[in-house]
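**Student:** Residue numbers (our numbering): 4 to 232.
Calculated directly from the structure, the hints in this document are not laboratory data. All C-beta atoms, glycine included, are put in the ideal place defined by N, C-alpha and C. Incorrect hints may have been included.
Label-pair ranges, simulated between beta-carbon atoms [claimed, not checked]: (1) P113 - R41: 42 to 52 Å; (2) S213 - E60: 19 to 29 Å; (3) E60 - R209: 18 to 28 Å; (4) T83 - G45: 17 to 27 Å; (5) S164 - E201: 24 to 34 Å; (6) P18 - S131: 35 to 45 Å; (7) V43 - P113: 43 to 53 Å; (8) A114 - T136: 25 to 35 Å; (9) S156 - V43: 35 to 45 Å; (10) T21 - S139: 14 to 24 Å; (11) N155 - D132: 29 to 39 Å; (12) V43 - R209: 33 to 43 Å; (13) R178 - G78: 15 to 25 Å.
Straight line, CA to CA, 25 Å or less: simulated SDA-like cross-link-like pairs of lysine to any residue [claimed, not checked]: (14) K118 - H90; (15) K118 - Q159; (16) K118 - A66; (17) K118 - S164; (18) K118 - R76; (19) K118 - A214; (20) K118 - L135; (21) K118 - A97; (22) K118 - A170; (23) K118 - T130.
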Amino acid sequence: MDSTTDNKLGKRHTPLTTLVLTALRERIMSGALAPGERLVEGRLSEELGVSRMPVREALRALAAEGIVAIEPRRGATVTTFTREQIHEMVEVRATLEALNAKLAARRHDPAQIAKLERILAEGSQLTSDDDLTRISALNLDFHEALGNVAANSVLQDIMRSLRERTALFFTVNNRERMRQNWEEHAAILRAVVAGDAELAALLAARHVYSAAELPQSMQQPQQQQPTPA
Numbered sequence: 004m005d006s007t008t009d010n011k012l013g014k015r016h017t018p019l020t021t022l023v024l025t026a027l028r029e030r031i032m033s034g035a036l037a038p039g040e041r042l043v044e045g046r047l048s049e050e051l052g053v054s055r056m057p058v059r060e061a062l063r064a065l066a067a068e069g070i071v072a073i074e075p076r077r078g079a080t081v082t083t084f085t086r087e088q089i090h091e092m093v094e095v096r097a098t099l100e101a102l103n104a105k106l107a108a109r110r111h112d113p114a115q116i117a118k119l120e121r122i123l124a125e126g127s128q129l130t131s132d133d134d135l136t137r138i139s140a141l142n143l144d145f146h147e148a149l150g151n152v153a154a155n156s157v158l159q160d161i162m163r164s165l166r167e168r169t170a171l172f173f174t175v176n177n178r179e180r181m182r183q184n185w186e187e188h189a190a191i192l193r194a195v196v197a198g199d200a201e202l203a204a205l206l207a208a209r210h211v212y213s214a215a216e217l218p219q220s221m222q223q224p225q226q227q228q229p230t231p232a
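Let the hints inform the model, and build the full structure from the sequences given.
**Tutor:** What follows is the structure, encoded as structure tokens:
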């Protein structure tokens, strides 16, 4: 992030904690802040042009999301995930996304379906561009809109939290995966529109597993296990 005076977060009008939270999350998601890297309040507050308090509050919020770890004496660091943790979180997200799609197929609302179709059309068109920020935002919009169709507020709240926590596993970093991502979205939406709850659930779960990807650098090394005979 540009740290020149004009771009200091302290010069803007949005609540500082929100701005700092967004800025730090973007740095982590982009890899600018690497797994295991220390997040020093003083340095970050100077870079962002804010006091330490909004930085401290933002770090606590990111810790609640699971992408920052705060430990006694060591302070805050970018979370490094074990393979087991990745597997467990992806497994839970696949199960809940399947339920989300199933409910959407059973309860589909024409107005919400129309919104999903608009998001799908824009996302599909952007697969030939390099605007990863916009595509990532549309991806979140698609899943959020699908949750609105499912019309279960408890599930929606859980899914929002889980998507934030697992966002690092689903970073789209190549055009082919981007295209496949939106083709899978289209297939899920077709099943929802058709009212095929079981197919929608199956496709949503598959989508999570096929999209889940975490760079090797973000995983903690584990002792190699003997290969079964």
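**Student:** State for each hint whether it applies.
**Tutor:** Evaluation of the provided hints:
no. : hint                    : in the structure
1   : P113 - R41: 42 to 52 Å  : holds (51 Å)
2   : S213 - E60: 19 to 29 Å  : violated (36 Å)
3   : E60 - R209: 18 to 28 Å  : violated (38 Å)
4   : T83 - G45: 17 to 27 Å   : holds (23 Å)
5   : S164 - E201: 24 to 34 Å : holds (26 Å)
6   : P18 - S131: 35 to 45 Å  : holds (37 Å)
7   : V43 - P113: 43 to 53 Å  : holds (51 Å)
8   : A114 - T136: 25 to 35 Å : holds (27 Å)
9   : S156 - V43: 35 to 45 Å  : holds (38 Å)
10  : T21 - S139: 14 to 24 Å  : holds (19 Å)
11  : N155 - D132: 29 to 39 Å : holds (34 Å)
12  : V43 - R209: 33 to 43 Å  : holds (41 Å)
13  : R178 - G78: 15 to 25 Å  : violated (38 Å)
14  : K118 - H90              : violated (32 Å)
15  : K118 - Q159             : holds (17 Å)
16  : K118 - A66              : violated (33 Å)
17  : K118 - S164             : holds (22 Å)
18  : K118 - R76              : violated (48 Å)
19  : K118 - A214             : holds (23 Å)
20  : K118 - L135             : holds (21 Å)
21  : K118 - A97              : holds (23 Å)
22  : K118 - A170             : holds (23 Å)
23  : K118 - T130             : holds (19 Å)
When held up to the earlier numbered hints, the structure conflicts with 2, 3, 13, 14, 16 and 18 and fits the remainder.
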